[in-house]
Amino acid sequence: MPFKSKAQRRKFAELLVKGEITPETYEEWNRETGSKELPERVGKPKRKTSARAALRGTNELAKRAASRAPARKRSPGRKTARSLKN
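Residue 749 is where the sequence shown starts when you use my numbering, and the numbers rise one by one after that.
Rather than coming from a laboratory, the hints here were simulated on the basis of the structure. Treat the hints loosely; a few may be bogus.
To be verified - Pairs of lysine to aspartate or glutamate residues, derived as EDC-like cross-links and limited to a Cα-Cα distance of at most 20 angstroms, are as follows: (1) K759 to E772; (2) K752 to E788; (3) K754 to E775; (4) K752 to E775; (5) K754 to E785; (6) K752 to E772; (7) K821 to E788; (8) K759 to E776; (9) K784 to E768; (10) K759 to E780; (11) K796 to E762; (12) K794 to E780; (13) K759 to E775; (14) K752 to E776.
To be verified - Have a look at the derived ranges for each label pair, beta carbon to beta carbon: (15) A755 to S798: 25 to 33 angstroms; (16) K827 to K792: 29 to 37 angstroms; (17) K796 to Q756: 20 to 28 angstroms; (18) K796 to M749: 25 to 33 angstroms.
All of these numbers come straight from a predicted model, not from anything done at the bench. Even for Gly, the Cβ is constructed at its ideal location relative to N, Cα and C.
Construct the complete structure from the given sequences, taking the supplied hints into account.
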């Protein structure tokens, strides 16, 4: 598996010096990475905004809510021992 960043490569070199990984493992990762330029650090991927978040602050959200059918009333449901205590 290739290295994703310079920081990861440094960490693996540190583990190699400490003896926590084998030289073969380090060389395999280094070989797979090749000579490509790596970023210093790799951050978390950005989250995509949801459709609702994209509509927030616009009139579209109000239009969509107005076009929906009104909410139905919930039926009282079954009587339970817990509800009879109160």
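Hint-by-hint comparison with the structure:
For the hint pairing K759 with E772, the CA-to-CA distance comes to about 16 angstroms; that is within 20 angstroms, so the pair holds. The hinted pair formed by K752 and E788 meets the criterion: a straight-line CA distance of about 9 angstroms does not exceed 20 angstroms. Distance check on the hinted pair: K754 and E775 sit about 15 angstroms apart at the alpha-carbon level, within 20 angstroms; holds. A C-alpha spacing of about 15 angstroms is found between K752 and E775, which places the hinted pair at or below 20 angstroms, so the restraint holds.
For the proposed pair K754 and E785, the alpha carbon gap of about 9 angstroms is at most 20 angstroms, so the pair holds. For the suggested pair K752 and E772, the alpha carbons sit about 18 angstroms apart, so the restraint of at most 20 angstroms is met. Simply put, K821 and E788 have alpha-carbon atoms about 56 angstroms apart, too far for the 20 angstroms limit, and the pair is violated. About 15 angstroms separates the Cα atoms of K759 and E776, which keeps this hinted pair within 20 angstroms; it holds.
Between the alpha carbons of K784 and E768 the distance comes to roughly 26 angstroms, so the proposed pair goes past 20 angstroms and is violated. With a CA separation close to 17 angstroms, the supplied pair K759 and E780 stays within the 20 angstroms bound. Under the criterion of a C-alpha separation no larger than 20 angstroms, the hint pairing K796 with E762 is inconsistent with the structure, at around 35 angstroms. Distance check on the hinted pair: K794 and E780 sit about 26 angstroms apart at the alpha-carbon level, beyond 20 angstroms; violated.
With a C-alpha separation of about 14 angstroms, the suggested pairing of K759 with E775 holds against the 20 angstroms cut-off. Of the pairs offered as hints, the one joining K752 and E776 holds, with about 14 angstroms between alpha carbons and a cut-off of 20 angstroms not exceeded. For the hinted restraint 25 to 33 angstroms between A755 and S798, the CB-CB distance of approximately 31 angstroms keeps it satisfied. In this structure the supplied range 29 to 37 angstroms is violated for K827 paired with K792, their Cβ-Cβ distance being about 50 angstroms.
Judged by the Cβ atoms, the range 20 to 28 angstroms given for K796 and Q756 holds: they are separated by roughly 25 angstroms. In this structure the supplied range 25 to 33 angstroms holds for K796 paired with M749, their Cβ-Cβ distance being about 26 angstroms.
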